[in-house]
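A.B. asks: Same order as they appear, the protein sequences are chains A and B. Residues in the first sequence are numbered consecutively from 1, following this note's numbering. Residues in the second sequence are numbered consecutively from 1, following this note's numbering.
Be aware that one or more of the hints could be misleading.
What the hints assert, rightly or not - Below, computed lysine-lysine pairings styled on DSS-like, alpha-carbon distance capped at 27 Å:
#, chain 1, residue 1, chain 2, residue 2
1, A, Lys297, B, Lys342
2, B, Lys150, A, Lys207
3, B, Lys342, A, Lys231
4, A, Lys139, B, Lys342
5, A, Lys506, B, Lys99
6, A, Lys238, B, Lys131
7, B, Lys150, A, Lys117
8, A, Lys111, B, Lys219
9, B, Lys131, A, Lys174
10, B, Lys131, A, Lys175
11, B, Lys306, A, Lys231
12, A, Lys504, A, Lys387
13, B, Lys157, A, Lys174
14, A, Lys139, B, Lys306
Note that these hints are calculated values from the structure, not bench results.
What follows is each chain in one-letter form.
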Amino acid sequence: MTFLKKITARTLIAALSLAILPVLTGQISDADFESIFSRLNGDDYDARYAARMDLQDHVSAASAPGNEEQQPIVEQQLLDRLSSEPLLTTKLWLLRQLGSIGSEVSLPALKVLLDSKDVELAEGAQQAIDRIVPTVSPKPGFFADLGVDELEDIARNSANRSERFMAFSLLANKKAKIAAAVMAEAGPSAPDFIRAAMLGSNSNLRKQALSQLANSDVSHQIAVIAALDPKAPSSVEKTLLELLATDNETLELQTIEALGRIGSVRSLDALLERIESRSRDVRDAAVDALASIADQKIDSNLRKQLADGEKEERVMALKALSLRASPGVNELVNTYAADESVDHELREEAIANMELVGDVDSFPILIDIVVNGEASGLRRDAQKSLKRMSLRLADPDAAWNAFAAGFEASKGDLDTQLALMLVSDSAPSKDAIDYLESAWATNEPRIQKMVLRVLPTWRNWDAGFALLELAKAADGDSELESQCYKGVGKLILGSDATFPLESKFKLAGAALEQAQTPADRQSVIEGFRYSTWRERVHVTYNEVDPELKEAVLAYAKN
Amino acid sequence: MTKTPNRRTFLKSGAIAMASTFAAPMILKAATLGRGQPGPNSRINIGLIGNGLIMGGHRDYFRAREHTVVAAVCDLYTDRMESALADCRKENNACEGYKDFEEILARTDIDAVVIGTPDHWHAAIAIAAMKGGKDVYVEKPMTLTIEEGKAMVAAEKRYGRILQVGSQQRSENAFRKAAEIVRNGWIGKVKQVHCNLGSFAQPSEYPAEPVPEGFDYEKWLGPTPWEPYNMNRVESNYGGGWRNFWEYGSRKNGDWGAHHYDITQWALNRDDSGPVLFVPKSEDQPYQYYEYDDGVRVIRDWGDLKGHMIRFVGEEGEVMVSRDNRLDTLPVSLAGKPLGPKDTRLYKSTDHRANWIEGIYTRKPTICPASVGHRTATICQLAGIAERLGRTIEWDPVTEQIQNDPRAALWQDRPRRAGYELPV
């Protein structure tokens with residue numbers, strides 16, 4: 001018999017599993033094992049942690065699907081090591097790995113450890129056992145076995161709100177009539193019960209809960225209102241509209257909000273009344289509700305009102321359509337704003353509503369009103385809308401195209417040019433900066449004053465660098481230079497998170513380097529007086545002007 | 001130099017805010033529970049549990065509101081507890097301090113609790129609090145394990161409590177607007193989402209140190225495996241501390257993932273579902289990612305985020321969004337496009353804590369109840385499991401089980417030390 005003939009298939013598999021497979025599928029090699037444990041027992045705590053992760057990686061690899069044959073081998077390797085390790089932390093880590101890869105084979109060794117005098121070791125063994133042999137604790141019945149009387153007693157009298165809620169929910173299924181009585185007489189738990197009833201399956205109980213809308217207790221009413229869904233009967237909308245007469249503002253607010261969810265065209269008038277309420281909360285709630293109601297009859301009604309109504313009704317209809325962003329309303333506001341023949345108030349409303357629904361086509365209309373609208377008294381309205389609408393549209397190039405046309409059209413009319421310049425931060429493009437710089441070069445004092453006024457309100461850092469250029473070109477005019485540095489400080493102060501932080505410090509650095517006087521430097525530094533942790537972190541980890549760094553750290557601290 | 005316009009103020013109070021609303025968050029007025037000024041019984045008595053780094057903001061908020069009274073504070077550090085108590089007694093001299101949260105939960109006059117402990121204590125305290133009849137505000141991520149999340153969802157329903165998870169980005173206008181843009185299909189079919197989570201350095205084993213006087217380290221460890229005390233293990237620190245350890249959280253997956261994955265779920269309309277595949281870094285791509293069943297891939301810390309925290313890339317456009325109400329879109333007009341009557345409007349909250357208070361009074365679910373917090377936390381945890389095990393994890397979001405990998409499935413839960421079992 002030759003040597004080869006003695007090798008059976010079984011022997012081959014064993015040899016493969018012990019010698020070849022470890023390399024391929026994750027059994028821990030002796031070298032790796034020794035490396036891990038020498039580090040785990042060493043004095044370098046970072047290395048110890050890394051060794052933990054290495055051991056975990058080996059265990060994870062061996063526990064992967066397809067490596068099932070390796071799991072008992074690795075398990076045995078861990079078990080062999082468990083008794084010989086000197087450090088508690090290493091033993092505990094081994095136990096955690098056994099929890100991840102172990103089987104019933106580990107249980108005898110783990111059970112021995114349960115009796116360890118070392119509490120932590122016993123706990124670790126128990127946790128590993130719990131993972132290998134999970135135990136499922138029986139869940140309590142949560143009052144399921146209790147009778148109606150007991151449930152009623154708990155729902156009425158328990159000191160624990162959750163117990164009252166659970167008992168009520170069970171009672172609602174068993175005896176809705178009694179549950180209704182409990183709900184009607186409930187104290188602090190009434191809102192809980194009302195919601196459970198409103199969302200439950202018993203229609204009588206739901207009806208009882210709904211009747212709480214007529215309750216004089218606001219806490220009951222707002223619980224009903226909060227639980228209303230769009231499938232609520234249409235009569236509910238009528239009740240809600242009646243509730244709006246309340247003198248309790250919370251109830252009014254919650255009712256308005258509910259109308260947004262379940263309301264229809266019937267709520268339109270009530271909401272229109274409130275979109276100009278003196279109370280900001282009521283006004284905002286009404287606006288939200290009006291925008292949220294899905295009923296498209298609202299839009300057709302408003303359009304009819306806009307076409308045929310009295311002047312005040314038309315103004316209100318246009319406003320409401322804009323608040324709803326009703327389809328096509330952008331064209332409506334553009335048309336009315338551009339039409340010099342319509343009522344002044346309607347045109348004014350159209351201009352104002354561009355903030356909400358204007359589009360890039362609104363830019364030239366507004367610019368035209370600024371250029372030609374002084375006589376109509378609408379110039380300021382148009383300027384205001386330009387500022388606000390451009391914030392929403394965020395399309396500086398489209399805005400600048402309109403401005404460029406306006407500047408061209410108003411050539412020779414300084415007042416109009418100044419009126420456009422005043423709001424040119426609505427078009428914060430490079431072209432706009434170039435235009436302002438060339439206007440500055442005319443040395444017209446009113447233009448220079450306006451440029452110094454508008455650049456600090458700019459919506460990006462371009463204006464800051466432009467101000468530095470102007471300071472440079474001031475040619476020793478200290479008053480002018482001072483205004484430029486103050487402008488840089490104002491721009492920094494007015495900036496927010498949409499302005500990149502890196503560029504802020506780049507601008508400040510350039511300004512501080514260029515500034516010639518302590519006062520000018522101070523103007524720039526004061527721009528940082530609302531510094532937060534972001535600025536603090538930046539100056540801590542980056543090279544910045546020492547005076548600026550000190551100031552930022554002090555500002556951020558305060 | 002940038003050309004990005006400043007829209008923050010506008011987003012906060014302007015047309016976008018008005019035009020994209022659904023349910024207005026109403027700060028309840030003084031007369032909430034009656035016709036007239038509220039009596040002492042109409043204010044919500046709050047207990048603050050865990051007065052470390054993150055609780056400072058909550059404490060200042062709830063101390064200063066007309067509808068809330070901080071009636072109790074609790075911390076395992078005596079000095080922290082006493083400091084928080086001194087703060088709260090400035091408004092309410094009857095405020096009491098405790099080392100053990102169980103004492104707060106035993107008080108029947110406490111209506112609600114805020115939980116600001118490390119992650120490994122969230123579920124146990126939240127469930128015990130709900131069982132004790134308290135409404136709960138729990139910091140994100142809601143849980144440490146998937147099974148804890150299931151238990152939280154069940155408890156919220158069983159006990160009928162109002163729970164808010166502290167994923168406060170849902171209450172920022174820009175994140176809601178970003179989600180609405182995605183939901184309404186304005187950027188076309190979403191192909192991928194990029195999220196910026198950052199990374200922690202690897203922690204150390206750290207040598208044993210004496211436990212400081214007045215600190216209950218044994219209870220701090222709670223259900224987690226015993227380890228010797230070291231300050232670096234337990235400290236509250238945005239850059240590390242306990243957040244660094246797998247034992248007490250999911251590292252960056254749970255830290256920033258709990259925020260950005262949460263917004264991603266919201267925008268993709270997956271609040272009652274989840275991804276199907278979690279792939280660790282360097283498995284088949286140089287980045288970590290997960291995928292939904294429609295192929296949308298969410299990529300961590302890879303690709304150009306264009307200076308933002310989250311970037312949604314669609315077939316017809318993009319949405320980039322960050323904190324401080326920073327929102328950018330491609331095309332740019334999307335950011336300012338108002339929602340029309342037929343568009344999907346998402347739950348609107350502009351003050352996360354006020355939304356919870358409103359829920360306590362009205363019993364209306366919060367913007368981030370347990371069911372939502374659980375789905376988000378599940379993603380954080382599965383991404384962490386894939387990272388720890390170094391292999392792809394398949395997930396069934398319907399049965400909520402890891403598929404085809406029994407050993408990985410063990411990680412849906414973690415063994416707990418005796419005495420720290422999860423309440424039911």
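A.B. asks: Has the given pair, A/Lys238 with B/Lys131, been kept, meaning a C-alpha gap of at most 27 Å?
C.D. replies: Violated: A/Lys238 and B/Lys131 sit about 39 Å apart, past 27 Å.
A.B. asks: CA of A/Lys297 to CA of B/Lys342, is that 27 Å or under?
C.D. replies: Satisfied, since the Cα-Cα distance of roughly 12 Å is no more than 27 Å.
A.B. asks: Taking 27 Å as the top limit, are the C-alpha atoms of B/Lys306 and A/Lys231 close enough?
C.D. replies: violated (44 Å)
A.B. asks: Hint check: B/Lys131 vs A/Lys175, CA-CA at most 27 Å. Holds or violated?
C.D. replies: Given pair B/Lys131, A/Lys175 holds - Cα atoms ~24 Å apart, limit 27 Å.
A.B. asks: If you draw a straight line from the CA of A/Lys506 to the CA of B/Lys99, is it 27 Å or shorter?
C.D. replies: Violated, at roughly 49 Å.
A.B. asks: Could you grab the alpha-carbon distance between B/Lys157 and A/Lys174 and see if it respects the 27 Å cut-off?
C.D. replies: Holds: B/Lys157 and A/Lys174 sit about 19 Å apart, inside 27 Å.
A.B. asks: What's the verdict on A/Lys139 and B/Lys342, does the C-alpha distance respect the 27 Å limit or exceed it?
C.D. replies: violated (46 Å)
A.B. asks: Measure nothing beyond the straight line between the CA atoms of B/Lys131 and A/Lys174; if it is 27 Å or shorter, mark the hint as holding.
C.D. replies: It holds: about 23 Å lies between the C-alpha atoms, which stays within 27 Å.
A.B. asks: What's the verdict on A/Lys504 and A/Lys387, does the C-alpha distance respect the 27 Å limit or exceed it?
C.D. replies: This hinted pair holds, its Cα atoms lying about 23 Å apart.
A.B. asks: Starting from B/Lys342, check that the Cα of A/Lys231 is at most 27 Å away, please.
C.D. replies: holds (18 Å)
A.B. asks: Run the distance test for B/Lys150 versus A/Lys117: straight-line Cα separation, threshold 27 Å.
C.D. replies: violated (36 Å)
A.B. asks: Given the proposed pairing of A/Lys111 with B/Lys219, does the C-alpha separation stay at or below 27 Å?
C.D. replies: With a Cα-Cα distance of about 25 Å, the restraint between A/Lys111 and B/Lys219 holds, given a limit of 27 Å.
Hint compliance for this structure: hints 2, 4, 5, 6, 7, 11, 14 are not met, and every other hint is.
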